Every structure is written in C-alpha cells, then in structure tokens.
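Just need the whole structure built from these sequences, with the hints factored in.
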Amino acid sequence: NAGVTQTPKFQVLKTGQSMTLQCAQDMNHNSMYWYRQDPGMGLRLIYYSASEGTTDKGEVPNGYNVSRLNKREFSLRLESAAPSQTSVYFCASSATFYEQYFGPGTRLTVT
Amino acid sequence: EDKVVQSPLSLVVHEGDTVTLNCSYEVTNFRSLLWYKQEKKAPTFLFMLTSSGIEKKSGRLSSILDKKELFSILNITATQTGDSAVYLCAEGSSNTGKLIFGQGTTLQVKP
Chain H
8 NAGVTQTPKF QVLKTGQSMT LQCAQDMNHN SMYWYRQDPG MGLRLIYYSA
58 SEGTTDKGEV PNGYNVSRLN KREFSLRLES AAPSQTSVYF CASSATFYEQ
108 YFGPGTRLTV T
Chain X
64 EDKVVQSPLS LVVHEGDTVT LNCSYEVTNF RSLLWYKQEK KAPTFLFMLT
114 SSGIEKKSGR LSSILDKKEL FSILNITATQ TGDSAVYLCA EGSSNTGKLI
164 FGQGTTLQVK P
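As they're listed, the protein sequences go chains H and X.
When you line the first sequence up against our numbering, it's residues 8 to 118, in that order.
When you line the second sequence up against our numbering, it's residues 64 to 174, in that order.
Where hints are given, some of them may not hold.
[Claimed, not checked] Under the rule of at most 20 Å between Cα atoms (straight-line distance), these lysine-lysine pairs were calculated in the PhoX-like manner:
| id | chain 1 | residue 1 | chain 2 | residue 2 |
| --- | --- | --- | --- | --- |
| 1 | X | LYS173 | H | LYS16 |
| 2 | X | LYS173 | X | LYS120 |
| 3 | H | LYS64 | X | LYS66 |
[Stated by the list, open to error] Pairwise CB distance ranges, derived in the manner of DEER restraints:
| id | chain 1 | residue 1 | chain 2 | residue 2 | range |
| --- | --- | --- | --- | --- | --- |
| 4 | H | ASN77 | X | GLY145 | 34 to 40 Å |
| 5 | X | SER125 | H | GLY70 | 36 to 42 Å |
| 6 | X | GLY116 | H | GLU66 | 27 to 33 Å |
| 7 | X | GLY116 | H | GLN24 | 22 to 28 Å |
| 8 | X | VAL75 | H | LEU76 | 41 to 47 Å |
| 9 | X | GLU102 | H | SER25 | 44 to 50 Å |
| 10 | X | THR113 | H | THR93 | 33 to 39 Å |
Simulated from the structure, these hints should not be mistaken for laboratory data.
A quick note: this is a predicted structure, and the numbers were derived from the prediction, not measured.
Don't be surprised by glycine CBs; every beta carbon is placed ideally from N, CA and C.
See the structure below:
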C-alpha cells in the first residue's frame, strides 16, 4: 500500500518549457488535490478534484491545468513555466470531509 | 474570504519545555479544523477537530477547538528534539473537502 505517490521528485525547467507532474493514490479516495508550498506561506491550493470526472480551481490556479485521468490519478500541467512557479508541489487525497494524505512532493525550479 | 492565521510563526524552546501553538480562523461554513506536522517532507496528519471543548490527545500532543471564539490550540508537553518541525493548521469549510492552510509555525527544540 504505497499511499500517494508523485513523480518526478525533482525537476529543473527553463522559462517557457512545459511539464506534467504525476500523482497517483491507491486508497480508493474520491478527492484529490494539488498544492504548492513556498517559504512562509503554508500550503496553497492550486486545483482540486472532488470526484472522478470533476475538477475545480483553488486559490492559485493561474498558469496551471489539471486532469483527473481516473479515480487513482490526478496530473498537474505547467504549459509555459515561469520563475514564479519555482516551488514545492504536493499532491494529496482524501475520502471527502476527512483528513488529507500527502505525497512526498516535487521540488521544481524554473530558471 | 476564508482565512487561517497561526501564531507564533516561529518558536525556539529547550527539551522538556511545554509549548502552545495557536490557530485562529474565519470561515463562512466551518466543517473541521485539522493539525499537521511537517518534517522536511510531506505533512503528516495529527488531529481533526469538529466539536468545541473536546480535547484530542495523542501521547504528548493534545489539541482543542473553540468554535465560539474561532480558534484552536495545539499543546506539546515535555518537548523533544524530534518535535522540531513545521506545524500546520487548516480548516475544512466547503462541501468539497477543500482545506485552507495557515502559514505554519516553525518549532525548533534545542537539546
């Protein structure tokens, strides 16, 4: 039982490049989330998916897109990376209204 | 706009001390208040509180919620160096299970 897994663990991009962060969970959770964490700012929600087939914007969605591929997988795409997107990205999942379980994170640097 | 504010932002104590971390919130449709511990990597779940006045306890950690005054506290007694971490507070207020996080309190416990 792996819980929440994320790939890659680290990534360096040049400004304007695109990439997709992958997330999968094996806990049969309905809801999945993408957060970014910047120093001194806690965790900020980018996008979430309350259930398979639905996605919605969080606090900081600009510059990102998401796909809920199936119940297990929720990907985050940066179409044209900018230095302001340098951050640590966490994926999480939950049985709705209960505690969220987090993946190990992806450290992204955009130069 | 829903908001979660934690205080203090950072704290340095010595082993054996007792610490109290604070979390205040403003929400339009409160459902739950959660505490997480983050050591270098992914946040790990500590407590979820939904009712006022009922203390949740796990070893040396305990937490309580006051829904009238809109705050929660996390107490750690007989602190150890392994308690050094960022402690995150979050409120869950929407029907989708979204969480709004505070900035976090960085606790350093010195030997």
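Cross-check of the supplied hints:
At most 20 Å may separate the alpha-carbon atoms for a hinted pair to count; X:LYS173 and H:LYS16 exceed this at roughly 30 Å. Our distance criterion of 20 Å between C-alpha atoms is broken by X:LYS173 and X:LYS120, whose separation comes to about 24 Å. Restraint check for H:LYS64 and X:LYS66: the C-alpha separation of about 17 Å stays at or below 20 Å, so the hint holds. Distance hint check: the CB atoms of H:ASN77 and X:GLY145 are about 38 Å apart, consistent with the given range 34 to 40 Å.
For the pair X:SER125 and H:GLY70, the beta carbons lie near 40 Å from each other, so the given range of 36 to 42 Å is met. Hint check: X:GLY116 to H:GLU66, Cβ distance near 31 Å, so the stated range 27 to 33 Å holds. Separated by about 52 Å at the C-beta atoms, X:GLY116 and H:GLN24 break the suggested range of 22 to 28 Å. The hinted window of 41 to 47 Å between X:VAL75 and H:LEU76 holds, with their beta carbons roughly 45 Å apart.
The hinted range of 44 to 50 Å is not satisfied by X:GLU102 and H:SER25, whose Cβ atoms lie roughly 32 Å apart. Between X:THR113 and H:THR93 the beta carbon distance is about 36 Å. The supplied range of 33 to 39 Å therefore holds.
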